[in-house]
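Protein sequence lines, in the order shown, are assigned to chains A and B.
First residue of the first sequence? That's 1 in our numbering, and the numbers climb one at a time after it.
First residue of the second sequence? That's 1 in our numbering, and the numbers climb one at a time after it.
Certain hints may be false.
Stated by the list, open to error - Below, a list of computed lysine-lysine pairs in the DSSO-like style, where the Cα atoms sit at most 30 Å apart:
#, chain 1, residue 1, chain 2, residue 2
1, B, LYS124, B, LYS213
2, B, LYS126, A, LYS45
3, A, LYS45, B, LYS7
4, B, LYS213, B, LYS126
None of these hints come from the bench; they were simulated from the model.
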Amino acid sequence: MSDQPRAAGHFVAPIKDAVVAVDAVKVSSAKPRSLWSEAWHDLRKRPTFWLALLILFVVLLMAVWPTLFTQTPPNDECFLANSNAGPTEGHPLGFTFQGCDIWARIVWGARTSLVVGLLATIIGSTLGLIMGALAGFYGGWLDGLLSRVGDIFFAIPYILAAVVVMTVFSQYRTPLTLAFAIGGFAWASTARVVRAEVLRVRQSDFVTASRALGLTRFQTLITHVVPNSIGPLIVISTLSLAAAIVAEATLSFLGVGLGSNVMSWGNDISQAQSSLRVAPQALIYPSIALTVTVLAFIILGELIRDALDPRARANR
Amino acid sequence: MFSYILKRLLQVIPVFFGATLLIYFMVFAMPGDPIAALFGDKPPSPQLLAELRSQYHLDEPFIVQYFYYIVGIFQGNMGVTYSGQSVNDVLARTLPVTARLAIMAIAIEFTLAIIIGTISALRKGKLFDNTALVITLIFVAVPIFVLAFVAQYFLAIQLGWFKPTVGAQNDWNDLWLPALVLGVSLYATSMRLMRGSVIDTLNQDWVRTAYSKGLSRNRVVPVHALRNSLIPVITNSATNFGVLLVGATVTEAIFNVPGVGNTLFRATQAHEGPTVVSFVTVFVIIYVMVNLFVDLLYGLLDPRIRYV
Numbered sequence: 001m002s003d004q005p006r007a008a009g010h011f012v013a014p015i016k017d018a019v020v021a022v023d024a025v026k027v028s029s030a031k032p033r034s035l036w037s038e039a040w041h042d043l044r045k046r047p048t049f050w051l052a053l054l055i056l057f058v059v060l061l062m063a064v065w066p067t068l069f070t071q072t073p074p075n076d077e078c079f080l081a082n083s084n085a086g087p088t089e090g091h092p093l094g095f096t097f098q099g100c101d102i103w104a105r106i107v108w109g110a111r112t113s114l115v116v117g118l119l120a121t122i123i124g125s126t127l128g129l130i131m132g133a134l135a136g137f138y139g140g141w142l143d144g145l146l147s148r149v150g151d152i153f154f155a156i157p158y159i160l161a162a163v164v165v166m167t168v169f170s171q172y173r174t175p176l177t178l179a180f181a182i183g184g185f186a187w188a189s190t191a192r193v194v195r196a197e198v199l200r201v202r203q204s205d206f207v208t209a210s211r212a213l214g215l216t217r218f219q220t221l222i223t224h225v226v227p228n229s230i231g232p233l234i235v236i237s238t239l240s241l242a243a244a245i246v247a248e249a250t251l252s253f254l255g256v257g258l259g260s261n262v263m264s265w266g267n268d269i270s271q272a273q274s275s276l277r278v279a280p281q282a283l284i285y286p287s288i289a290l291t292v293t294v295l296a297f298i299i300l301g302e303l304i305r306d307a308l309d310p311r312a313r314a315n316r
Numbered sequence: 001m002f003s004y005i006l007k008r009l010l011q012v013i014p015v016f017f018g019a020t021l022l023i024y025f026m027v028f029a030m031p032g033d034p035i036a037a038l039f040g041d042k043p044p045s046p047q048l049l050a051e052l053r054s055q056y057h058l059d060e061p062f063i064v065q066y067f068y069y070i071v072g073i074f075q076g077n078m079g080v081t082y083s084g085q086s087v088n089d090v091l092a093r094t095l096p097v098t099a100r101l102a103i104m105a106i107a108i109e110f111t112l113a114i115i116i117g118t119i120s121a122l123r124k125g126k127l128f129d130n131t132a133l134v135i136t137l138i139f140v141a142v143p144i145f146v147l148a149f150v151a152q153y154f155l156a157i158q159l160g161w162f163k164p165t166v167g168a169q170n171d172w173n174d175l176w177l178p179a180l181v182l183g184v185s186l187y188a189t190s191m192r193l194m195r196g197s198v199i200d201t202l203n204q205d206w207v208r209t210a211y212s213k214g215l216s217r218n219r220v221v222p223v224h225a226l227r228n229s230l231i232p233v234i235t236n237s238a239t240n241f242g243v244l245l246v247g248a249t250v251t252e253a254i255f256n257v258p259g260v261g262n263t264l265f266r267a268t269q270a271h272e273g274p275t276v277v278s279f280v281t282v283f284v285i286i287y288v289m290v291n292l293f294v295d296l297l298y299g300l301l302d303p304r305i306r307y308v
């Protein structure tokens, strides 16, 4: 190609390249693939994807069926005689300063983390999808209004807001309240992502076509625009799930999360704080559980993002 | 440019009122009577109670209280905490500590991100790059309080390199450990931005031109490539600075730094409405201003971006 004269900013493909391109079309026309099947094809070849899924499967299993992993019942009495004891039969990670089984607490705490994380993400993503889709699709004054509302929520750091909300509802410290406190302030960034994607999809020919076929604007939004804007939402939801799990642990750590009698990784870490000098293992193990779970969600989110982005795929 | 700044400043107004109203409403809804809480076990006389209530406008409806509060802010009076200190004084005492911490954390983040990001980009796909990316991913995943405890346990308690907690009397040197924790926790995003940016820049025409003029790699990389790769890292760090000024609650609590985050958290726990609202108001203003500054910085750093 280097011997071809090249006009600045304008390049005309030589004829022999065009012929090659026709051949290529013939070959690839055998099986056209959608964006999603292309992404799946890319994802399933990557070992880290399967590793992340495996970790999440184990955590999910712990949440659904804890007795599969430990024989110690939930909120088992902690015996001070066991204080700081090393690993024994049936208690592989040893005991905390208060004599509680560390492994059992990690297993039972998985449910709290996942339930709060999932609920918060569902709330945040649903709000973000509705606000972002309406703002991006209808534009005009509605966009202005919803975007300003988003700005307000965006301007309040969401851990701070959650601290205030949880203090207000200090009598109702349920996973649902906590999820609302986290998801109710985290939606603004999701809404921005969805809005940008809907703005892009709105320009597509199939949107014009569906209008020409007689669908109302709202029907077009629901049946065509939203399903085609879902990719970035899935990516940001996976990453928000990781952030929500961290937020739950952080709020429990600050003492405004779930009550201290609830088994959660945040509570475990918070309670281990006071005996950090003498019993660091009680802090290290729940921290590892938390970090590995969060890491798995982040890896999953980033892999899906790369797989959905043909440009990133080509660059790799 | 001027009209852009004006437009952005006008957009701040609804955000300011919306955010303060929202926080004020939530704090207003907090359970517990703050005046009764002042007295502890010994119940005060109803007369005194009523007097204090009207002094703090607690007997007025919600929107009137909010109005008094906003008027106060515009007169430069942020209100009084229930322990009698003016919120202005509390802010004047705590904000410099937090600002110092934020500056140190950003300096650490920025230095780490630029050095490691650049080396990674120059050795894309090699051992150093892959190791750095894996470590970065772990730092993204480790929650800040875990990182803080691990640092406190190993660096302060075990190795004795730093003091485990900061305390009321502190200067720049006392803040190294919390600054390190904050800086490392933030560095991941910046390092990835830097790496991607340097890779992009090295593929640009002007870099090829520089090489074809016969310049050496030692000249092209620092002078031509790095300077032009810094834009996303600088803007990201500036945004982080805004986040740090308002969001270092957890780190400040663990290391007992007497900054705004720590004070705000204690105020929330003590149901000190005016303090919470005042702090959050100041935070919102700082946050919005920093974001405006970041947007303007883009235009300053990248001549291709101009606001009209």
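Which numbered hints turn out to be false for this structure? Hint 3 is the one this structure does not satisfy, whereas the remaining hints hold.
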